[in-house]
Amino acid sequence: MVADTETPVGGALKLIVEGRGDFLLESVEGGEIRGRYSLLGIDPDLLFRAVGERAEVNRQWRYDREAFEPLPADAMTELRALVNACRIDVPEGLPPALACLVGYFGYETIGLVEKLPRAPQSELALPDMLFARPALVLVFDRLTDDLFLIAPLWADGSDAAGKVARAVERIDEALRRLEERTPASPRLAELPEAALQPVIAEADYRDMVLRAKDYITAGDIFQVVLAQRFTCPFPLPPLALYRALRRVNPSPFLYFLDLPGFAVVGSSPEILVRVRDGEVTIRPIAGTRPRGATEAEDKANEASLLADPKECAEHLMLLDLGRNDVGRVAGADSVEVTASFTIERYSHVMHIVSNVVGQLAGDKDALDALFAGFPAGTVSGAPKVRACEIIAQLEPETRGAYAGGVGYFAPDGSVDSCIVLRTAVVKDGVMHVQAGAGVVADSDPASEAAECRHKAGALIAAAREALRIAGEPEFGQ
Numbered sequence: 010m011v012a013d014t015e016t017p018v019g020g021a022l023k024l025i026v027e028g029r030g031d032f033l034l035e036s037v038e039g040g041e042i043r044g045r046y047s048l049l050g051i052d053p054d055l056l057f058r059a060v061g062e063r064a065e066v067n068r069q070w071r072y073d074r075e076a077f078e079p080l081p082a083d084a085m086t087e088l089r090a091l092v093n094a095c096r097i098d099v100p101e102g103l104p105p106a107l108a109c110l111v112g113y114f115g116y117e118t119i120g121l122v123e124k125l126p127r128a129p130q131s132e133l134a135l136p137d138m139l140f141a142r143p144a145l146v147l148v149f150d151r152l153t154d155d156l157f158l159i160a161p162l163w164a165d166g167s168d169a170a171g172k173v174a175r176a177v178e179r180i181d182e183a184l185r186r187l188e189e190r191t192p193a194s195p196r197l198a199e200l201p202e203a204a205l206q207p208v209i210a211e212a213d214y215r216d217m218v219l220r221a222k223d224y225i226t227a228g229d230i231f232q233v234v235l236a237q238r239f240t241c242p243f244p245l246p247p248l249a250l251y252r253a254l255r256r257v258n259p260s261p262f263l264y265f266l267d268l269p270g271f272a273v274v275g276s277s278p279e280i281l282v283r284v285r286d287g288e289v290t291i292r293p294i295a296g297t298r299p300r301g302a303t304e305a306e307d308k309a310n311e312a313s314l315l316a317d318p319k320e321c322a323e324h325l326m327l328l329d330l331g332r333n334d335v336g337r338v339a340g341a342d343s344v345e346v347t348a349s350f351t352i353e354r355y356s357h358v359m360h361i362v363s364n365v366v367g368q369l370a371g372d373k374d375a376l377d378a379l380f381a382g383f384p385a386g387t388v389s390g391a392p393k394v395r396a397c398e399i400i401a402q403l404e405p406e407t408r409g410a411y412a413g414g415v416g417y418f419a420p421d422g423s424v425d426s427c428i429v430l431r432t433a434v435v436k437d438g439v440m441h442v443q444a445g446a447g448v449v450a451d452s453d454p455a456s457e458a459a460e461c462r463h464k465a466g467a468l469i470a471a472a473r474e475a476l477r478i479a480g481e482p483e484f485g486q
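Positions 10 to 486 (my numbering) are the ones given, in order, by the sequence shown.
If you're looking for bench data, these hints aren't it; they were derived computationally from the structure.
Some hints could be false.
[Claimed, not checked] The following label-pair restraints were derived from C-beta to C-beta distances:
(1) 152 with 179: 24 to 32 Å
(2) 340 with 127: 29 to 37 Å
(3) 182 with 340: 45 to 53 Å
(4) 286 with 356: 25 to 33 Å
(5) 99 with 304: 27 to 35 Å
(6) 223 with 372: 39 to 47 Å
(7) 305 with 99: 27 to 35 Å
(8) 402 with 169: 53 to 61 Å
(9) 152 with 186: 30 to 38 Å
(10) 172 with 14: 42 to 50 Å
(11) 169 with 189: 40 to 48 Å
(12) 14 with 351: 36 to 44 Å
(13) 132 with 179: 33 to 41 Å
Quantities reported herein were computed from a predicted structural model and do not represent experimental measurements.
Backbone N, C-alpha and C fix where the C-beta goes; we use that ideal spot for every residue, glycine too.
With the hints as constraints, model all of the structure from the sequences given.
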């Protein structure tokens, strides 16, 4: 259908039910141009979640939120089985951007493929991974102004005719609600101060950096990324934070996951792993400068970044790691660096970016590719496994969603995922933001602590914008 007057955010405001497992995925290409497709998924019929190797599934989610059943195999085996069960032949004429399972892999899911220690459990107590299977997916095509409403039908031996009738009813109901007026934005009579508070004292974080440098001096690692968590009251619906974040910090991966008990709201610059048409892509990003006020300042900052030996050495290390990760699942001699040390500009910063591709080997699938590059070197360190061991020893709590991946599995078994960066978890009226800094031999503890605060700044800016709007009369009417 033609939908030149409907937007993904407008659709989300009309259709998303808080805590149900609905989602909105958008993108910005090249840091400045909104991507062609946006995906809005609603009313999931299935939720899959795991902590450690224990997985459970709720196949009655629409009717009974407590009907989770433990699964017999380990979480990785069960997820692979679910991905395969959700594979379907997509009819011609539908857009290529389709999603049948959407959710996140938390950082601690590295424990499914590597035997690693685990940091003390965070007070957030989130599942290590959670995926929802939407009963209805809306695909917005920005280029043609078309809107596709797609209701997948899953074969389970039940009444096919009844399934078709119910799918048509879901589509009709969504169309009816899309024709309604956009709901009014929430109002706040009193606006709380939006200020991030660190969960650990800065002195403790600096001590973490010093201890990490001892490991580097001893030759255990070359680099390790140490993160910390910040909190801030956020009394608005989580979707209000997403609306503000997509404006103040547009990025290649924009996502809003409205999950049971919490929401994941993010604006990530970096691919985790993409598998599409048999090609594996990893895109390392490392090296940062602020955007200039003028084109001349941008050019000067670009030159400064590419001339910085520390930034370039760190990027080269992560490029080599990305090449190795792709090589673990790619066919012989198919790994190629298609872009090296290019500069990409975003709303507030610019980064050094490279691109590594390879052809997926015949005995590997998208899940193999995903975990070959997990967690990304840009959020762990090098060598990766030893860096992850040190992270578990030094950081005071589990990372949860942070430094993991958000993404979707498509009906053909492919996957598109990004690293969970510039992301907030909103739970019980509090926004939780995690950010990290790469520690190397010559790192200054105070500078690394400041880098964490700076990286968390996009989320606090979004929170302030959302609260500002909530204090304005008649906004969004």
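Structure-based check of each hint:
1. Range check, residue 152 to residue 179: Cβ separation about 26 Å, and the 24 to 32 Å hint holds.
2. The supplied range of 29 to 37 Å is met by residue 340 and residue 127, whose beta-carbon atoms lie about 34 Å from each other.
3. In this structure the supplied range 45 to 53 Å holds for residue 182 paired with residue 340, their Cβ-Cβ distance being about 46 Å.
4. Judged by the Cβ atoms, the range 25 to 33 Å given for residue 286 and residue 356 holds: they are separated by roughly 30 Å.
5. Here the CB-CB span from residue 99 to residue 304 is close to 43 Å, at odds with the stated 27 to 35 Å.
6. At about 41 Å, the beta-carbon gap between residue 223 and residue 372 stays in the expected band of 39 to 47 Å.
7. For the pair residue 305 and residue 99, the supplied restraint of 27 to 35 Å is violated, since their beta-carbon distance comes to about 48 Å.
8. Between residue 402 and residue 169 the CB atoms are about 54 Å apart, so this pair conforms to the stated range of 53 to 61 Å.
9. Separation of residue 152 from residue 186 is about 25 Å and departs from the stated range, judged on CB atoms against 30 to 38 Å.
10. Checked against the given bound of 42 to 50 Å, the beta carbons of residue 172 and residue 14, roughly 31 Å apart, lie outside it.
11. Our hint of 40 to 48 Å for residue 169 and residue 189 is violated, since their Cβ atoms are close to 31 Å apart.
12. Checking the proposed 36 to 44 Å range against residue 14 and residue 351 shows it holds: the Cβ atoms sit about 37 Å from each other.
13. Remark: the range hint 33 to 41 Å for residue 132 to residue 179 is upheld by a beta-carbon distance near 37 Å.
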